[in-house]
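Colleague: Listed below, chain by chain, are the residues.
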Amino acid sequence: MSAPNSGTPPTESTTALAALSTEQLIGSGQEGGLLDQVRAWVQRVRGGDMGALPAVAGFIVLSILFTILSPYFFTERNFANLLTQAATLVMLGMALVFVLLLGEIDLSAGVTAGLTMVIFVVLIAVVNLNWILALAIAFLTGIAIGTFIGFFVAKVGIPSFVVTLGLFLGFQGLELIIIGAGGLYRVETPEILAIQNSTLPTWGGWVMVAVMLAISATMSFIDRARRTRAEVPNRTIALVWAKLIAIAVLGGGVVLILNQNRGTGFKAIEGVPIVVPITLAILWIGTFVLDRTKFGRYIYAVGGNAEAARRSGVKVAMIRWCAFIVCSSLAVVSGLFSISKVGSVDAAAGREIVLSGVAAAVVGGVSLFGGRGRLIHAAIGALVIAVITNGLGLLNLPAGVNYAVTGGVLILAATIDAVSRKRAGGSILRT
Amino acid sequence: MDMPIIELKGVVKSFGPVDVLKGVNFTAYPGKITALVGDNGAGKSTLIKGLAGVQPYDGGQVLFDGSPVTLHSPRDAGDLGIEVVYQDLALCDNLDIVQNMFLGREELSAGTFDEGRMEREAAETLRQLSVRTVKSVRQKVSSLSGGQRQTVAIARSVLKKAKVVILDEPTAALGVAQTAQVLALVKRLAEQGVSVILISHNLVDVFEVADYISVLYLGQMVASVKASETNNEDVIGYITGAKTYEGTPA
Ligand SMILES: Nc1ncnc2c1ncn2[C@@H]1O[C@H](COP(=O)(O)OP(=O)(O)OP(=O)(O)O)[C@@H](O)[C@H]1O
Ligand SMILES: [Mg+2]
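Quick mapping for you: the protein sequence lines, in order, are chains A and B.
UniProt numbering numbers the first residue of the first sequence as 1 and each following residue consecutively.
UniProt numbering numbers the first residue of the second sequence as 1 and each following residue consecutively.
Treat the hints as calculated values from the structure; they're not laboratory data.
You can take every hint at face value.
Calculated cross-link-like contacts (lysine to any residue; reagent style SDA-like; alpha-carbon spacing at most 20 Å): (1) A/K294 to B/G104; (2) A/K294 to B/L159; (3) B/K163 to A/G313; (4) B/K135 to A/D36; (5) A/K315 to B/H72; (6) A/K294 to B/E106; (7) B/K9 to B/V222; (8) B/K135 to A/V42; (9) B/K135 to A/R39; (10) B/K135 to A/G48; (11) A/K341 to A/L184; (12) B/K161 to B/L108; (13) A/K341 to A/I132; (14) A/K294 to B/L108; (15) B/K226 to B/E7; (16) A/K243 to A/V42; (17) A/K422 to B/S145; (18) A/K155 to B/Q55; (19) A/K315 to B/L80; (20) B/K160 to B/E107; (21) A/K294 to B/T112; (22) A/K155 to A/E307; (23) A/K315 to B/E107; (24) B/K243 to B/N25; (25) B/K9 to B/L80; (26) A/K294 to B/E107; (27) B/K22 to B/N40; (28) B/K22 to B/I239; (29) B/K135 to A/Q37; (30) A/K155 to B/S73.
Some but not every residue of chain A turned toward chain B, in silico, with C-beta under 10 Å: (31) S28; (32) G29; (33) G47; (34) R224; (35) A225; (36) T228; (37) R229; (38) R297; (39) Y298; (40) V302.
Here the structure is a predicted model, which is why all the values come from computation and not from measurement.
Note that the Cβ used here is the ideal one computed from N, Cα and C, for glycine as well.
Full structure from sequences and hints, please.
Modeller: Structural data, given as structure tokens:
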């Protein structure tokens with residue numbers, strides 16, 4: 001613990017050096033310049049820790065492919081369309097990450113979204129309830145469903161696959177009972193419709209990017225300050241700049257495209273759809289919780305080795321239970337995105353989407369075996385699947401092709417998951 | 001003689017109709033290494049799981065520093081400063097070394113992880129134990145060898161100034177060099193005043209490091225002796241039940 005005691009204040013490099021010299025025995029993986037960090041990253045990828053890399057590559061390849069095949073694919077209109085189409089799946093995928101990380105699954109997440117939306121619209125249309133109250137009841141229902149699943153999985157010990165498969169069927173029945181076969185309710189709440197159909201003013205998009213940059217920079221510098229205080233080396237500052245530049249370029253590019261007028265009639269349609277900042281906010285909060293709080297860390301620990309977590313004093317059942325509640329609650333949000341886009345709710349709401357949600361997470365690099373994955377992975381995976389759906393749709397191919405391709409991508413992703421898990425040594429089973 | 005830091009009096013434990021511990025007495029002293037030996041299924045792991053609060057005893061008394069305590073959860077044991085390194089290693093493969101060492105007792109600052117401080121303390125602890133084989137404290141545990149994992153598990157146990165460290169067959173899966181390293185680590189723990197309880201089937205290892213040897217036979221403590229006052233042959237006799245210990249428990 002030898003801080004440099006010369007008169008000069010400790011700079012980035014001197015503290016790193018001091019730490020290095022006292023600690024030659026063990027490094028922290030943070031040492032070295034940009035090149036060393038890149039090299040370390042390449043090594044991790046080679047070791048099987050690929051994260052969202054295959055999905056990002058897939059996204060780029062598919063986008064190029066569809067741009068070549070269809071003149072409509074790479075247009076402002078379709079770009080905005082793609083984002084709003086993907087939003088429901090992104091949110092559902094992120095919801096599922098919380099339980100997938102535990103090595104569990106929630107097959108009822110889609111119909112949870114559907115059922116809560118059925119309740120939401122029926123409360124407004126039939127009972128004439130105020131929409132905010134109806135929304136609150138929808139969320140409470142979602143929380144109750146998560147509590148129910150969590151109880152049976154964490155306390156009773158039934159496999160989540162079975163519990164949620166039961167609910168998957170049961171909720172479809174409930175939807176039918178409430179709405180009636182062939183029944184359909186239109187969504188008439190302007191605030192809900194606005195989520196997917198209204199946009200931020202054009203300056204709002206720039207503010208959004210600015211906020212993202214500010215938050216990212218603040219977090220990075222707080223982290224660095226803490227590490228400096230603890231006298232452990234920091235990664236080279238170039239990485240922070242690289243990250244900020246990436247956000248600025250990517251975010252700026254997206255905003256730039258979305259701020260073009262994409263309307264076909266008199267009325268200009270421009271700006272970032274409101275669903276985008278909502279999704280980004282939830283993504284950020286969720287990632288914060290998973291990376292920086294005990295709850296998040298314990299989700300990973302339980303997913304990695306539940307018995308080890310228990311022996312370390314983690315309340316395993318409680319963590320499982322809460323994860324299912326988070327999953328169901330976020331599923332309600334995905335339901336909102338869905339009805340906002342579609343504009344109506346029928347008795348089959350949410351029936352088909354759940355496997356796509358699981359696919360989104362797995363395609364993005366979330367492991368089905370638990371313990372590995374991030375929210376952003378599910379978001380990227382959902383974008384890949386949305387690109388496939390959207391692109392194939394533009395090509396006027398029969399709907400069957402879409403299912404077949406999506407299914408193929410899922411199996412491919414699961415294979416990558418299994419193989420990389422073996423390479424990372426995860427196949428050594430430990431209780 | 002020192003006062004024992006741990007004293008078990010007549011602890012019993014059964015799984016259904018099977019009596020695994022049939023009234024076991026056991027003592028461990030600060031700064032000393034007590035080896036717990038016995039055949040497969042003798043009840044060694046069960047005895048220490050009770051001390052760890054993972055599988056509470058059905059009956060009997062546990063004295064810690066002379067006063068009776070209850071151990072009903074891993075937290076109870078942790079609060080007393082009892083740490084266990086399990087036979088079936090209790091590490092999370094998907095987390096890195098620092099995250100594993102701090103699992104269940106993370107350092108917070110403003111409600112969120114203070115990763116810097118945790119990394120510092122983890123590196124510090126590994127250095128005190130003269131661990132050299134680990135490249136980076138931010139390595140995932142899945143990328144470590146058996147010996148390195150064992151090292152991390154032991155370092156985890158001493159991170160929080162443990163008073164008692166229990167090691168269940170820490171060298172069972174290790175090669176010659178790594179075994180020597182872990183045994184050296186065990187000695188260093190005792191030198192720092194920690195009471196070490198070491199379970200092992202390898203009597204060579206036991207005689208190399210242990211101050212006391214306690215022998216479990218079918219759920220009963222059949223011998224407790226000073227390592228310097230017994231020999232390999234006698235201990236094998238106690239373990240297999242071929243010989244009965246005559247003296248008073250050390
Ligand atoms: N959870 C359990 N349920 C039922 N029986 C158990 C349980 N745990 C242990 N036992 C039994 O208790 C006995 C003692 O087991 P224990 O694991 O304590 O033995 P051990 O001395 O550690 O053996 P080893 O040297 O093989 O590790 C064995 O007969 C075992 O089958
Ligand atoms: Mg055992």
